[in-house]
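Protein chains: 4
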Amino acid sequence: MGMKGRHDIIKVGDHVLLYLDHRRTFLVKAEPGRVLHTHKGVVDVGGLVGRRFGEAVESSLGVRFYALKPLMRDYVMKMRRRTQIIYPKDVGLIAVLTGVGPGWRVVEAGTGSGALTAFLAYLVRPDGRVYSYEVREDLLEVAERNLEMAGVLDYVELKLGDVTEGIDEKDVDAVILDMATPWLVVEHAYESLRDSGSFLSFSPTIDQVKKTVKALRRTGFTDIQTYECLLRRIIVEEGRTRPETLMIGHTGYITSARKAVHAGG
Amino acid sequence: MGMKGRHDIIKVGDHVLLYLDHRRTFLVKAEPGRVLHTHKGVVDVGGLVGRRFGEAVESSLGVRFYALKPLMRDYVMKMRRRTQIIYPKDVGLIAVLTGVGPGWRVVEAGTGSGALTAFLAYLVRPDGRVYSYEVREDLLEVAERNLEMAGVLDYVELKLGDVTEGIDEKDVDAVILDMATPWLVVEHAYESLRDSGSFLSFSPTIDQVKKTVKALRRTGFTDIQTYECLLRRIIVEEGRTRPETLMIGHTGYITSARKAVHAGG
Amino acid sequence: MGMKGRHDIIKVGDHVLLYLDHRRTFLVKAEPGRVLHTHKGVVDVGGLVGRRFGEAVESSLGVRFYALKPLMRDYVMKMRRRTQIIYPKDVGLIAVLTGVGPGWRVVEAGTGSGALTAFLAYLVRPDGRVYSYEVREDLLEVAERNLEMAGVLDYVELKLGDVTEGIDEKDVDAVILDMATPWLVVEHAYESLRDSGSFLSFSPTIDQVKKTVKALRRTGFTDIQTYECLLRRIIVEEGRTRPETLMIGHTGYITSARKAVHAGG
Amino acid sequence: MGMKGRHDIIKVGDHVLLYLDHRRTFLVKAEPGRVLHTHKGVVDVGGLVGRRFGEAVESSLGVRFYALKPLMRDYVMKMRRRTQIIYPKDVGLIAVLTGVGPGWRVVEAGTGSGALTAFLAYLVRPDGRVYSYEVREDLLEVAERNLEMAGVLDYVELKLGDVTEGIDEKDVDAVILDMATPWLVVEHAYESLRDSGSFLSFSPTIDQVKKTVKALRRTGFTDIQTYECLLRRIIVEEGRTRPETLMIGHTGYITSARKAVHAGG
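Protein chains in written order, with our numbering: chain A, 1 to 265; chain S, 1001 to 1265; chain C, 2001 to 2265; chain D, 3001 to 3265.
In short, the hints are calculated from the structure, not lab data. Don't be surprised by glycine CBs; every beta carbon is placed ideally from N, CA and C. Warning: the hint list may mix true and false statements.
[As the list claims (entries may be wrong)] Lysine-lysine pairs mimicking DSSO-like chemistry, simulated, CA-CA at most 30 angstroms apart:
| hint | chain 1 | residue 1 | chain 2 | residue 2 |
| --- | --- | --- | --- | --- |
| 1 | D | 3029 | C | 2170 |
| 2 | D | 3011 | C | 2170 |
| 3 | A | 214 | S | 1159 |
| 4 | A | 211 | C | 2214 |
| 5 | D | 3214 | S | 1214 |
| 6 | A | 170 | A | 159 |
| 7 | D | 3040 | D | 3078 |
| 8 | A | 214 | C | 2211 |
| 9 | D | 3214 | C | 2040 |
| 10 | D | 3040 | C | 2214 |
| 11 | S | 1214 | D | 3211 |
| 12 | S | 1211 | A | 170 |
| 13 | D | 3040 | C | 2011 |
| 14 | A | 78 | A | 11 |
| 15 | S | 1078 | S | 1170 |
| 16 | A | 78 | S | 1214 |
| 17 | C | 2029 | D | 3170 |
| 18 | S | 1214 | S | 1170 |
| 19 | S | 1029 | A | 40 |
| 20 | A | 214 | C | 2214 |
[As the list claims (entries may be wrong)] To spell it out: a stretch of chain D is covered by chain C in this simulated footprint if at least three of its residues, at any positions, have a beta carbon under 8 angstroms from a beta carbon of chain C; those stretches are:
| hint | segment |
| --- | --- |
| 21 | 3032-3046 |
| 22 | 3053-3064 |
| 23 | 3069-3076 |
| 24 | 3095-3108 |
Next comes chain A alone, as it looks inside the complex (with noise of 0.2 angstroms):
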């Protein structure tokens, strides 16, 4: 009855992370003759072809290491990084307010390393599209081998250019900016997008806030939303089960608007 069918078989290839535990783990592409090489000992990554994924392997030194097939945080967590990059904990945010999913055009700025962008191109599959604005052009070059690994460089088109200048796109569905002065994107913002469609700024000072909620309410935005959200790991562990005594105690503001119109407009 095939069983042996159903497995996920690394194949030649394949990029897998490598899990030893939540804070040591590995993206490594399996290839024949690559070695990783850890405090932990040499993992033989070319072996892994052929196996399942989720299967255990040892190093040289006998420390058990997970393959696991990577999902669309680990690669954002190993991109290579120029910028500080948005955390899964805000993505997750990002997506649900504004409502980013399967079919969206969605207009993005700056690309940065392309962390957002590889989440926001991973949800608007396989018929949206992320327009991804930057300025410089060594952070787009950085974000296109990001994109490519995590394999969604298909859904995004990359683009060297500065927002506060305008945006090209028209009747996008959401605007989504993570860059230093997004009040000054928003009356292209409202340009760009369709009617009732989606504003979303991420900013680490509430001065950024306070700026860009003023423009959004002068610009014709209503359901104007400002929100934080903390994110604390726990540990779990018989008998001493307790809240991790270090947490990343802010990353950054969320605020969410959305386009009002004016009839005849």
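Once you have looked at the hints, place chains S, C and D on chain A.
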């Protein structure tokens, strides 16, 4: 050049979210002759037909409502509910942690009022599928209506059944549980998941988390993590910017894990 | 050996906190003939005289109340209030940050209903003193009654006056502000404080904090820090241990500083 | 009119907190000839004698340090420590919940490095007393030096002993525990407390909390509450105001209770 064509026009039968402020919104169906009675006057719902999404309409008392195109989060907040429903902040995190996205096959239990089901269905479109189990027939009926309203019923298979006794589907990408005794489902989830597939459980109490984590460790899952997510709304107004006084201090803990497999298994 | 002598006996005129559960407590004065009417029946308050603090008494409906000896936090929670009062969690932090303790001389403004005043007075006993300013005479009267009830009026000097126009006292150990425009008091606080003395301001909005911090920097304070403190109640019960669903998400920001001095000044 | 007389002059033997910024402070003793070597140059500590608290002094590299008069929180942060010490945020809450103040008699265990002991001693002065138990003699020695440095040793009775085996003192106002097995002390605490007296336990894990709450309920305590307190530092600077990125996400849970008594007992 036909800019009119770009507008999102409200048609008969369309759902509209009438937005007064962030605490007062109304989900209505645009049908001739229908009106909405509110404390702020009567709104001519039938008259919305032919207007653009995002337009402001005035009630009989001259109060302005915005006619927004509902997002999935709007549908969910307006669902008929017989059970505590999941919060959007948790849904976002659940999606990112599990990797649920277009094309995924997901088992979910229990269906409850269908809130989490609706979000998951929205994300797996158009080729994925959510198999949602519920032991109470009356809830399945509520969920069915809710999912139909939210426009995602086609992507869901509602199943009357108890996942503590087994899961029919094999090779699913994720098993997501929002039920009282998730630890009783861990072995069935393992059997149901594809290699390296995602397990996730949402539980209000730490006692549930401890039992679930224990079962996950025993059953052969890896990358077992528990989180809680706190969302704070920030009031942004000149001279009185501050977090909101009352907040939801706790909804539930989120435990995620991935299926490890054993060679020769 | 007279163990009876050890007991804390309720005397005529003593305040008693009748404790039903953490949401339902009643502060009463033990006097002959007095009764308390509650939804859980009538409690014979007069009958408390001669009994021990900590004893359970039954209402006419057979419901048990504990006759606790009030702590300062109990008095504060039961104060007649005309203003938003400070939360215990914030008072604790204020005390630790400023160093307020026995013997300190503290300037406070505004008095409001006297909640913070009462805590400060409690801590500076027996030799310290709180100089509490308030511009509204009606509030001073409320505060006076509240402080008398809490048993700390002797340690407080209630002053009708506006600290934005000046502070009479010199060489005080701390200036503590809970008022709308703390930045207008920063220079007067500087003049009033002893060398290296403690400044503290409690403000609900970030806009107030920014103005206050700016004034502190300009005026010659050092070690300027701003904090917020979040308190969560945890429900601890077998099988359903979890943080409480609703929490106070924000009360105010706490800004502390210390007076730097300039040689020859 | 003798304003000079008002100044707080640094005398030989005084402790001084040299403040560079909120992460870099140095607790020194002003004695002739003493110097402090820092990465920002050498500070002439001996030269502080005769200057005013709060004055700025320059290091050999021209970097400015403020010579602050230490608060109890400064002493505590600079204590020699062999154990995890309690955070100021938690101390404030402990004081408010228990009611510890001038004149109180408090039993504390374990002493550890003496951080909590020092705060409690500071608050019960001049007539109260802290009875602090510790099973490790080496820690008692560390604590003794720390308490002497902090100037509160006279208000503390350090006791080599195990409170799980009993508490010598009777009729104390509060029993405060920061130790691994607080539940084993609950009955002894009950015996030691005066009627309606305050129990408090600080524990890092939820497992400890559950056992302690269970013991409290069994033993006859009432008003049993558990809290956690989260402190966030806010960076306040024009154009970049925001919470600090990293925060302490968890120190411990605080469980408070009050002694109920039974008539005829």
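- Examine the segment 3053-3064 of chain D for residues whose CB is less than 8 angstroms from any CB of chain C, and state whether their number is three or more. The restraint on the segment 3053-3064 of chain D holds, since 4 of its residues have a Cβ under 8 angstroms from chain C and three suffice.
- Query: Holds or violated: are the alpha carbons of residue 78 of chain A and residue 1214 of chain S at most 30 angstroms from each other?
  - Reply: The given pair, whose Cα atoms are some 29 angstroms apart, holds under the 30 angstroms limit.
- Task: Take a quick look at whether residue 214 of chain A and residue 2211 of chain C sit within 30 angstroms of each other, Cα to Cα.
- Result: Satisfied, since the Cα-Cα distance of roughly 20 angstroms is no more than 30 angstroms.
- Keeping to a limit of 30 angstroms between CA atoms, is the pair of residue 170 of chain A and residue 159 of chain A held or broken? Measuring from Cα to Cα gives roughly 15 angstroms; hence the hint holds.
- Item | 30 angstroms limit on alpha-carbon distance, applied to hinted pair residue 3011 of chain D and residue 2170 of chain C | Answer holds: residue 3011 of chain D to residue 2170 of chain C is near 22 angstroms, not above 30 angstroms.
- Task: Sort out whether residue 40 of chain A lies within 30 angstroms of residue 1029 of chain S, counting only the CA atoms.
- Result: violated (61 angstroms)
- Query: Given the hinted pair residue 3029 of chain D and residue 2170 of chain C, is their alpha-carbon gap at most 30 angstroms?
  - Reply: holds (27 angstroms)
- Pairwise hint evaluation, residue 170 of chain A against residue 1211 of chain S, where the allowed Cα distance is 30 angstroms at most: Measuring from Cα to Cα gives roughly 51 angstroms; hence the hint is violated.
- Query: Is the Cα-Cα distance between residue 1214 of chain S and residue 3211 of chain D 30 angstroms or less?
  - Reply: holds (20 angstroms)
- Given pair status - residue 2214 of chain C, residue 211 of chain A, alpha carbons within 30 angstroms: Judged against 30 angstroms, a Cα distance of about 20 angstroms means the pair holds.
- Message: At least three residues with a C-beta closer than 8 angstroms to a C-beta of chain C: is that true for the segment 3069-3076 of chain D?
- Response: Held - the segment 3069-3076 of chain D has 4 residues with a Cβ nearer than 8 angstroms to chain C, which meets the minimum of three.
- Hint consistency between residue 3040 of chain D and residue 2214 of chain C [alpha-carbon to alpha-carbon, up to 30 angstroms]: OK: residue 3040 of chain D and residue 2214 of chain C at ~26 angstroms, within 30 angstroms.
The structure is inconsistent with the numbered hints 3, 12, 13, 15, 19 and 21, although it conforms to all the rest.
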